[in-house]
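Asks: So the protein sequences, as listed, match chains Z and C.
Number 1045 in my numbering belongs to position 65 of the first sequence; there are no gaps in the numbering.
Number 77 in my numbering belongs to position 70 of the second sequence; there are no gaps in the numbering.
Note that these hints are calculated values from the structure, not bench results.
Virtual Cβ for every residue (Gly too), placed ideally from N, Cα, C.
Treat each hint with caution, since some may be false.
[To be verified] Just so you have them, the derived chain C footprint on chain Z, three or more residues with Cβ under 8 Å:
1) 1075-1085
2) 1098-1109
3) 1118-1129
Residues per chain, in single letters:
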Amino acid sequence: MVLAGEIRAEALRMVARASASHIGGALSMADLLAVLYDETMRVKPDQPEWPDRDRFILSKGHSCTAVYATLALRGFFPLAELETYGQDNSRLMSHVSHKVPGIEFSTGSLGHGLPFGCGKALAAKRLKKSWRTFVMLSDGELDEGSNWEAILFAPQHRLDNLVAIVDYNKIQSLGNVKEVLDLHPLADKFRAFKWAVKEIDGHDHEEIHSALAVLPWEPSKPNCLIAHTVKGKGVSFMENQLLWHYRSPGIDQLNQALRELNCEP
Amino acid sequence: MRTAFINELIVQARQHPEIFLIVGDLGFSVIEPFASEFPDRFLNAGIAEQNMTGVAAGLASEGYHVFTYSIANFPTLRCLEQIRNDICYHNLPVTVVAVGGGLAYGNLGYSHHAVQDIAILRTMPNLTLLAPGDPGETKECVSWLSINPRPSYLRIGKAGEKSLHEVRGIDGIPLLVRPGTTDIALVSTGGILDETLAAADILSKDGLMAPVYSMPWLKPLSPSSLSILAPYRALVAVEEHVPQGGLAGALRENLPHSVPIHSISVSESISSMVGSQSFLRNESGITSNHIESVFRHALIQWRSFQLPTP
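The following block holds chain Z by itself, in its conformation from the complex:
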């Protein structure tokens, strides 16, 4: 899909221009975002507040470049605004901001998105609305206890209109997830908490699309999509490298990355 490559290219340009961090986790979820915004979710870019839209919440707010890029590419706001990312007086701050058209919720501190998403999903149930809530989580942020409060909550209240997507790229801030606080077996954990779970290759568009095409997967159960991904996906020298949680590409690295993505430097 063209969109995923463009998301990666725009995210790379943004972090390079702003000397910003967190490109690795933006690249790992680019394919998920491309399918969500191109196929899965009901959204209207010219009406970001359309009442019947599906709600998307980025809980891993530090990876916002990929979401800003997706929204701009889909026409929620002008593509040129991406050039202001991280600059003085820009609304495109380096942790996702709800002042940007199409963004439902500002995050940055981890462990906030899923409880908020539970509130939205509960509101849809109580108000008898058919829109769904999608929450993008990082693997590292599942260390936060607040997520597990929400993971208990969602099945209790039969929030089958809620989809938690885990961008399981296996690397967190200071090391491999396995070596910091191991999440394995993650699918079993969610199943034990009474969620319906699917595990997919988070870079395979067909797998992503078919997993999310029909919801819910099981009546009354919230949905957890564990997307196995590669941190830094799409740029050879960034893939699976902790360094690119922090480092910002210089001009030569940016150009090489763009060439690998078949984009104009």
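Position chain C relative to chain Z; hints supplied.
Replies: Here is chain C on its own, set in the frame of chain Z:
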């Protein structure tokens, strides 16, 4: 005060279909009438205050005015970042309600003493902070909040508090509970209003008619909202809260430096002895007798400034 809270919330919920109540697995024998009348607008979130507050923000983002309800520090300090980021940052209509403000849960021990909450929550952007002094003030606070949904914190007492005065609106200003004639006034916030009025009773026996103000409205404040207090020569500020950042702090920030504030508050040191609210008030020196003596001291201090220089 918790009964006054729930009764008024039920009255308001009949008129405002957006009112929603979430409890943190607390409120036995208090919240049941609301739950049975409005099952679609009630939720027990379990013992999970971070999630409770995030869920409240999510509901509020879809049009509900959510009240979260728990005791002492659980709905505030346990989930402070959710209040800061989810509610205040997004300016969402969630009212956090803490039952047992101050030392109301005295004999349950230090974990249940809510004595830092005002200072901490007063720094939150967009937040309205209300600490009523009796059931009547509580009713007025709930009524005001229902008409003005916004990020807010309502700090109430527990049960059995006496009605202390007729309240007609809270209006964002100090409420004159008892008129007086002295140049120094007593100002209290929250449930310690009863001791403050008792101190005024003692003083009146000596002909000292001290004005008594209750300040359920603690934020937002401005110099103009406190203009009624500015003419006094000094104020005695009484609160069931540590000395830093509460009522005394709010008065100092918003009144001219020429008005000295004498603070009567709870020591920040931790007592390892258990006791009732009145025992702990006595231990902390926030009793009517102590308020009275601080008032007299303030009066002597002020009058000594008035003596002609020999």
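Asks: Each hint needs a verdict: does it hold in this structure or not?
Replies: Here is how each hint holds up against the structure:
Only residues whose beta carbon comes within less than 8 Å of a beta carbon in chain C count, and the stretch 1075-1085 of chain Z has 3; three or more means the coverage holds. Check on the stretch 1098-1109 of chain Z: 9 of its residues sit with their Cβ under 8 Å from a Cβ of chain C, so the three-residue criterion for coverage holds. Three residues within the 8 Å Cβ limit are the bar, and the stretch 1118-1129 of chain Z against chain C gives 3, so the coverage statement holds.
Checked against the numbered hints listed earlier, the structure breaks none of them; every hint is satisfied.
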